Every structure is written in C-alpha cells, then in structure tokens.
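Generate coordinates for the entire structure from the input sequences, incorporating the hints supplied.
Just so you know, the sequences run in chain order A and B. Residue 478 is where the first sequence ends in our numbering, and the numbering goes up by one at each step. Residue 1517 is where the second sequence ends in our numbering, and the numbering goes up by one at each step.
Worth flagging that the hints you see were computed from the coordinates, not collected in a lab. Fair warning: this is a prediction, and the values are worked out from it, not measured in the lab. Don't be surprised by glycine CBs; every beta carbon is placed ideally from N, CA and C. A couple of the hints might just be wrong.
Stated by the list, open to error - Derived contacts from chain A toward chain B, CB cut-off under 7 Å, selection only:
id: 1; residue: Pro382
id: 2; residue: Val409
id: 3; residue: Phe427
id: 4; residue: Gly462
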Amino acid sequence: MSLAIDLRAVLPEMLVAALAMAVLLWDALAGARGRRVLAPVTVLGLAAAAASVLWVGLRPPAFAGAYLRDAATQLLQGIALLSAALATLLSADYLRRADLERGEYYALLLFACLGAMVMAAAGDLIVLFLGLETLSIPLYVLAAFRRGNVRSQEAGMKYFLLGSFSTAFFLYGVALLYGASGSTGLAALAQATAAGMTPLLGIGVALLSIGLAFKAALVPFHAWAPDVYEGAPLPVTAYMAVVAKVGAFAAVLRAFPLALPGLAGQWMVVLAVLAMATMVLGNLVALVQRSMKRLLAYSSIAHAGYLLIGVAAGTAEGAWAMVFYLVAYLFMTLGAFSVVLLLQRAGEEADLIEEYAGLGGRAPWLAAAMAVFMVSLAGLPPTGGFIGKFYLFSAALGAGQPALALVGVLTSVVSVYYYLRVPYLMFAGRDVGGMEVVRAPGVRAVLVTAVAAVILLGVLPGALTQAVHPLVDLFGAR
Amino acid sequence: MLTWLVFTPTIGAAAVAVLPRGRAAAARWLGWLASLAVLILAVRLFQAFVPGSGEMQFVVRRPWVPLVGIEYALGVDGISLLLVMLTAVIFPIALLSSWGAIAEKVREFTVAMLLLETAVLGTFLSLDLVLFYVFWEAVLVPMYFLIGIWGGPQRTYAANKFILYTMAASVLMLVAIIALYLAAAPAGARTFDLLRLQEAALPEGLAPWLFAAFTLAFAVKVPLWPLHTWLPDAHVEAPTAGSVILAALLLKMGTYGFLRFSLGLFPQVAVDAAPLLLALAVVGVIYGGIVSWAQPDLKRLVAFSSVSHLGLVTLGIFALTTEALQGALLQMINHGISTGGLFLIVGVLYDRLHTRAIADYGGVAALMPRFAAIFTIVMLSSAALPSTNGFVGEFLILLGTFRRSPPLAALAASGAIFSVIYLLWAYQKVMQGPVVAKTPERLVEVDAREVLVFLPLLALIFWIGLYPSPLLRRSEASVRAVVQRVERRAQGELWLHPVTASAPGGTAGGILPAKAR
Chain A
1 MSLAIDLRAV LPEMLVAALA MAVLLWDALA GARGRRVLAP VTVLGLAAAA ASVLWVGLRP
61 PAFAGAYLRD AATQLLQGIA LLSAALATLL SADYLRRADL ERGEYYALLL FACLGAMVMA
121 AAGDLIVLFL GLETLSIPLY VLAAFRRGNV RSQEAGMKYF LLGSFSTAFF LYGVALLYGA
181 SGSTGLAALA QATAAGMTPL LGIGVALLSI GLAFKAALVP FHAWAPDVYE GAPLPVTAYM
241 AVVAKVGAFA AVLRAFPLAL PGLAGQWMVV LAVLAMATMV LGNLVALVQR SMKRLLAYSS
301 IAHAGYLLIG VAAGTAEGAW AMVFYLVAYL FMTLGAFSVV LLLQRAGEEA DLIEEYAGLG
361 GRAPWLAAAM AVFMVSLAGL PPTGGFIGKF YLFSAALGAG QPALALVGVL TSVVSVYYYL
421 RVPYLMFAGR DVGGMEVVRA PGVRAVLVTA VAAVILLGVL PGALTQAVHP LVDLFGAR
Chain B
1001 MLTWLVFTPT IGAAAVAVLP RGRAAAARWL GWLASLAVLI LAVRLFQAFV PGSGEMQFVV
1061 RRPWVPLVGI EYALGVDGIS LLLVMLTAVI FPIALLSSWG AIAEKVREFT VAMLLLETAV
1121 LGTFLSLDLV LFYVFWEAVL VPMYFLIGIW GGPQRTYAAN KFILYTMAAS VLMLVAIIAL
1181 YLAAAPAGAR TFDLLRLQEA ALPEGLAPWL FAAFTLAFAV KVPLWPLHTW LPDAHVEAPT
1241 AGSVILAALL LKMGTYGFLR FSLGLFPQVA VDAAPLLLAL AVVGVIYGGI VSWAQPDLKR
1301 LVAFSSVSHL GLVTLGIFAL TTEALQGALL QMINHGISTG GLFLIVGVLY DRLHTRAIAD
1361 YGGVAALMPR FAAIFTIVML SSAALPSTNG FVGEFLILLG TFRRSPPLAA LAASGAIFSV
1421 IYLLWAYQKV MQGPVVAKTP ERLVEVDARE VLVFLPLLAL IFWIGLYPSP LLRRSEASVR
1481 AVVQRVERRA QGELWLHPVT ASAPGGTAGG ILPAKAR
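This is the structure we're talking about:
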C-alpha cells in the first residue's frame, strides 16, 4: 500500500469518463448531422475500455487501498461495460424514432456505467458512495429523458426522490461505521469488526444495507421499481434493469462477504431473509401483470432475490455463482427487452402482453427468441438461466442454507407460469393485429447475441465458470 | 453413437426450423425422416448391445463443467435400452399420425416434437445427475407448447397445470441432487456421476429425505395415486401425438426414475419405503380401473387407464423381486405400445367426428371394419389377453408380487379385471350396436397412412406377446443388478427372497426367469 499515484489503476474508468465527455462535446460541436456516429463511437469506446480492463489486469490496491483491482473488479467492470455497450445498441434506433437522440443521452449512459465500475473497484466506503452517486444520478435523468411525456417525468422524479432518500441512509451508515471502526477503508473495517458486533456497527451495517437494498430493488425497498421501469423510455428501462444491479451487487459483494466476514453470523440471516422476501414477492406480483414493462420490472426484482442468494451464502462459491448469474441475467434481460424494442404499436412502445398474441405467426423467429429468453428467465434448461440458478442453489446448500435453496426453486416454479405465458401467447394466441415489427439493426444484433449467449451459457457453461472462478482467491486471501 | 442418437432429432429440428414458411409437407417429411433416422440408429444399438451384462455399455464421457464435476456422460444398459427402443419406435408413429390432425403451424409442431425426442432420449441415457436433470426439465418446455398450442379447448389450463405440477415436484429433486453431491463430496467424490454416487456413503439421516425428493418427482410423473390429477387434463387436451408421447414415454420417465435413481441411489431407504409405495400403487391400480369405467369421454377413459396400468408397473418395481422388476420393465414397454395405440385410436375417431364422448359413437365397426380389427387387437393387448404383449408383463409382475405378498397380488389382479371391464364396455359402446352418429358418412375407413401408423404397434403386440425373450434377455442382467444392489444394502431384511441366487441366464429361452427355490 502506498500513496504513490499509479493512474494505470484507473485507466478504464478514465477512458469511459473521457468518452462520455467527448460524446457530449461532439454533439455540441457537430450538431444534428453528426449524431449518427454517436452510438458507434460509444460502442467502440466501450470496447476499448473493456480491452484496457484486461490490459491493466490484476494490481495491488491503489490510492492507499481505496481502489482495488482484483478479480472481482475485473469481472464486474467487464459486465458493466458489456451492459453499457448492448444498451447503446438497443437505444440508437429507439432514440431516432422518438427524436430523442442527443449526445447527453450517451454521455449519461456512460457515466452510469462509470459509476458501476467505480463501485466494482471500491476499497473504501467513500469510494463506494462516489460510485453509487455516479451510477444513480445519470439514471434519474435518463428515466426522465422523454421530457414531453408525463409518465417519464414522473418516473424520473420518483426515482430521484426515493433514490436520494436511500442514499442518505447509505451515507449515514457510512458515518456510523466510521465512528465504530475509525476508518472508511473496507480492509480496516474488516479488522475492526473481527472482534464482533457492537450496537454502533450493527446500526451502521443496517443503514448501509438499506441503501444498497434500495439500489438493488430488494423487497421491501422495491416499491419504486415498477413505476420507474414503466415510465422510463424502453431502452433506459433495459439498461437500468442491468447496470443498477451490477453496481448494487458489486457493492453488496464488497461490503458483506469481503469486508464484514466477522459479522457473517448476523448479516447472513438478514440477507437471507431479504432474498427470500424478494423472490417470493417479486414472483407472486409478477403473476398478475398485464404490462410487459411491469412484468420485466417484477422479474428483475425477483432476480435480485436470486442474485442475493449468492451473497447471503457468504462463501466463495456463492460469490462466483452470483457473478455467473449476473452475466446470464444480463443477456436474458437485455434479450427480452430487445424483443420488446423490435415491436411497436401505432408508433408507441408495445406494452400490453395480450397484444403480443399471434405474433408467432408473422414473426416466428422473434417469438422463438422470446421463448428462449423466457425459458432462461424461468430457470429451465438448456439455458444460462438454469445453470446460473443451479450454481446459486448449490452455493446456498453448500453454505448450509437449505431454506434459501428451497424458496429459490419453488418460486422458480411460480415464475414459469408468467414467463412462459408470453411466448405461449405469441405462438398460440389469435393475432389481434396492429403490432408491427420495426427495422432496427442495432436491436437485432443485440437479439442475436443474446440468444446465442443464453443458449451457449446453458450448453457450454464451462468457459464462464472458469472465468468467474478466480473470485475464490479473494476469499482465500482473507 | 449415443451422442448421435440423442442429437439426431435436434439436427432434424434445426433443419425443419429453417424451412421457408408454408412448406408444411416438407416439414412433415423432414421431421418424419429425422425420427426414422433415430429409429435406425436405435435398431443398430439394439443389435450391437451385448446381452448378459448388467454394466453400462457404449459409455461416452466428456468433462462438461470440470470445475464443478459435471460430466457429459451417456450410457445404456438393459433397462434404458428397451426404453430407448420404445422412444425410437413411438416418435415416427406419433409424427405420422399427426399428418392429418395437425394442419396449422406444422413447422413449429415438428420442431417441438423433435426437440422433445432429444430430451426424452437424453433422459433415458444420462449417467450424470445434472445432465439427467437438464434433459428431464427440457422435456417440459416442448410438451407445454404441444399441449398449449395444438391442444383442445381447455389447453391453456391443461398446459399450465402440467408444467407447474410436474416442475414443482422436480425442482425438489434438483435440490436433492445438489445435496447428494455435497454429501458425497467429503468422501472425495466431487462428482454428479450416477455410478460413483451409487457407491458413496451418505450421512445418517440424509438419505430418506433425498429418496423422498427423488421419488416425489418421479411419482408425479408416473403418476402415482394420489398425485395423478394433472394427467387426465393434460391427456385430454393434448393433441393425439402429444397424448401418445405423454402416455408412452413421459410417464415412463417416472418409472425409469424409480428404477434407476430411487432404487439405484438409495436402496436401503427404498426397502423401508416399499410398503407405502406398494400400497399407493395398489390403490392406483384399483382406483384407476374404477374411475376409467365411469368416464363418458373416451380419451379420459384411456387417460385414467394409464393411472391403473402405471400403478401396476410401480407395484412391480417396489415388489423388489427380479420377476416383478422384469415384468415392470416389460410392462413399461407394453403400456407404451398399447396405450399409445389406444390414444391413436381415439385420435382416428376424433379426426372423423370431432367428439370424444362415448355416447356419440356406436356401430362404428360396421362402417370401419379394418379399424375395428385394429381396435380389437390393441384393446386386448391393453387388457392383457394371453398371446399379446400385455399378458407377459402383467403375469410377471403379479408372479413377482405374489412372492412378496399374496394379498397385494390378489388386489392388483383385480385391476386386471377392471381393465377388461372398462375396455370391453367402451369397445361395445363405440363399435357395436346401432349407428348413433349424426353424420355417419364421415366415419370413413382408415386409409393407408393410418394403417401404416398402427402396423408397427400391432407387430410389436404379437412379437412381445409370443416371443419376448430378445427383450428379456437384454434387460435381465441389468434388472438383476438392481435387485442385487438392493439386497446387498438391505441384508437382514427377512422378506426379501433370495431370488438372484439362482442360476443366471435362466430366462434365455423362456418367459419365466429363474424360478424361486
């Protein structure tokens, strides 16, 4: 640990930040005609950032331990960059159709990605907080990006108010933990808490958890999600559903198993209860949804519950299972959104599930792709969703938490009903007409990538399993 | 070889999927040819299979997720061989039978059927528990769509009930699979390999729970009374081909699971739990028989008869004698043939009058004499008349059960009587008497395609009925190995008859396995 500044440790983050500002400037300078290149430039820049994540590699902690560049950083930053790149591809066509394509859209998207990246690398609660805010604030703005639309404004406002509220909780928790341990560094915290629980620590951890639970949309801190998801522009919803989870779960992973092993007895119970409540409520409420966006919103809540299993297990197996599932979740969720984005009804987003009926007759491949995503979200083989859940449940059982695994599998059964209903209606329902398939090459590319990835993760999960496995070292080093 | 067998239908499905829209005939032919290719591979497997060994043959092993110990492992023994053969025979028949009935979304239908075939074959051939579970669950999705898209008026309800009911039970098996893996891990076996887990010593107290989870999943699939309520709905609403596959193959996945996993992994617990399962099986035999008799709907009648017949199979499995197990295995095949045939018969009638109510039919034999002959043979096979296949299996089961418990055998035999009653009753109402149909001109004789659908089934009915030894010879050693394993683990249990101590190869020439001393 030294105070010497090695900027290579933050090279990927700097690239993303520079890209965001470049995009913003380009729009201001080049005007409307130059906007066509914004999306391709963003994607290329993100690819460069991803390459730099690999090039920088694993390094010792930088900035006096405040910034970590370990296996978790590498994996989670990669996931954040991937989700940003796919979201960019999803956005471009939609923005053009809605006449919303502006440089600031891509800049905000990139800043949110930057926030998630910082959270993934945080070795200090203050850095974690910085990342959290950098992630959240662009998302508030993006949610309200359709300025002419009341629902979008409402979504942004609601997200902002509740989000700032939860951020305050988080910050208060940080303050209390500082008081209890004398440092905001996660490593110092780990040492201070090794002795055991004190009331101050307990309250601090609880407040911290509330802040993160809000970001991850865990029950009972999920109430914002359906409204925000429904009101935000569709590609923003897709991005939010993924990148906010990446950031939140990176933070949860950093904060609990890696920073507070001494208190595992306490937080494991709390997280397990949260996970179970989230899985049960998310899946049950999803059963009655008629809007596609709300369905996917509750689905993302339910999946936050599944992801949390990996952390609640408190083991290395749980950690890598969670990261594996995060990748599967990214592809199946963005895939499902890409199907929705390829459809429109009278120029508007295709939102009512009943209106999907009969599309299988006109667009059989689209319906088949939807079937793949829904089967994967429901956790049925042979898809990445199944393998991911299999790992998560294995981790829960391995950590001696059979209740988590049981609730997990039983709620998965419930979810089959509402997930499969969508492709079922598409294939079996009577075509009600009015729905049209739009031409959107970017979205199509995401769709094809996602189908391939979801099936590949289910059929040949070995490579990704190997890739996420180094997370074990973080636990061994402790 | 096994990999080709399992994935040939997938290749076929991919080929059908890329056909241009509207080429229904091409999709039908291509799908059918793919399933015929599987049949050819299966026949070659049958010929190449070495009888007399209880070991797995043609084993394929590749690391799949080496980090976790999951393998891609396939293998075939005498038990799975017969079920693979049945699968390979039934699918071309089911596909051919649907040429008339499925007019819409032919391409999608064919793809679903072929994917289903891959999943069913994979289920029977997997030697790795995770791989097995993957195939086991993969069966649900195409079947859900088959019922839900091409089914009857209540298809949505039936499809949902089918998938939720069977999945709820099988996810518990998933938890049990993981728990088994973790429990065996300290002993040095980080593996999901069935054969190695069979040898693993489990901690005291865990095995009954795992057995319960596995057995519950299988019991729902079988379906064992009182877990059968999904079956009539699924059967009645499914299209004919779906019902055939469901009855002939999917239910067998349950009884196969009993044999391979419940008995294979937890022999000691199986012995302890056998009385309960035997009781449920006998209740199922009698209940299924009585309820069938009361059905006004022909398809429902056949559906409930499955509950009865599969109860008999379960009885044979948990009687835990070699004869009964042999009989159970044979009866699994027989039920596939005869009940598959009965569903096809219902399908033929339904294609003509679009009703399944028994009361709407009458005097059909006079209008469709060839069809009447087919119906008669299949019905008698289902009623287990001597010289048909049903007799051999039922006889072996009852013989084996009798040695285990005479009262149980007597009760189960009454099930056989019920099946004669309801089948003859249905036959009489539908085929004989005055013509009831309002549009008798639509009751046209079966055409060449339909005859071709039934011919292989009729041939099998008589072949197995008169000369079952090629099947018994191939399965005997594997069945014996199962019984031996159970005996070895359950030594000291008085009621287990030392059947397997008698001379090996006793069944080579005749029907009866080695007689008890």
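Outcome of the hint check:
1. Pro382: holds (6 Å)
2. Val409: holds (4 Å)
3. Phe427: holds (5 Å)
4. Gly462: holds (5 Å)
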